[in-house]
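Undergrad: In numbering that gives the first Met the number 0, the protein residues as written are 0 to 73.
Since the hints were made in silico from the structure, they are not lab data. All C-beta atoms in this analysis are idealised placements derived from N, C-alpha and C, irrespective of residue type, glycine included. There may be inaccurate statements among the hints.
[Unchecked claim] Distance ranges between label pairs, derived from CB positions:
1. S58 / H26: 28 to 34 Å
2. L7 / L31: 38 to 44 Å
3. P1 / V55: 30 to 36 Å
4. I45 / R21: 36 to 42 Å
5. A64 / D37: 21 to 27 Å
6. P35 / K72: 29 to 35 Å
7. T4 / G53: 30 to 36 Å
8. D37 / S12: 38 to 44 Å
9. R16 / Q36: 14 to 20 Å
10. I45 / N2: 15 to 21 Å
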Amino acid sequence: MPNITVELLAGRSVEQRRAFARAVTDHAVEILGARPQDVRMVFNEITPDIVANGGVLASEDPSRAAVVAALDKS
Numbered sequence: 000m001p002n003i004t005v006e007l008l009a010g011r012s013v014e015q016r017r018a019f020a021r022a023v024t025d026h027a028v029e030i031l032g033a034r035p036q037d038v039r040m041v042f043n044e045i046t047p048d049i050v051a052n053g054g055v056l057a058s059e060d061p062s063r064a065a066v067v068a069a070l071d072k073s
């Protein structure tokens, strides 16, 4: 039984998480031979102020400003 943990910035819609879960499940079935009902996925939503990339908080990274702003509007 695959247990998949997904960490992503908070703000994704239920529809986006549902579509992602379906796509990952389909691939787990195809690649791992798992039954769909045995693929378990947990979404952990994180805020931009608790994750850093390259030593810079996502909330303070100009290269991520558009992504963070779009998620804030969701």
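Undergrad: Which of the numbered hints above does this structure break?
TA: 2, 4, 5, 7, 8
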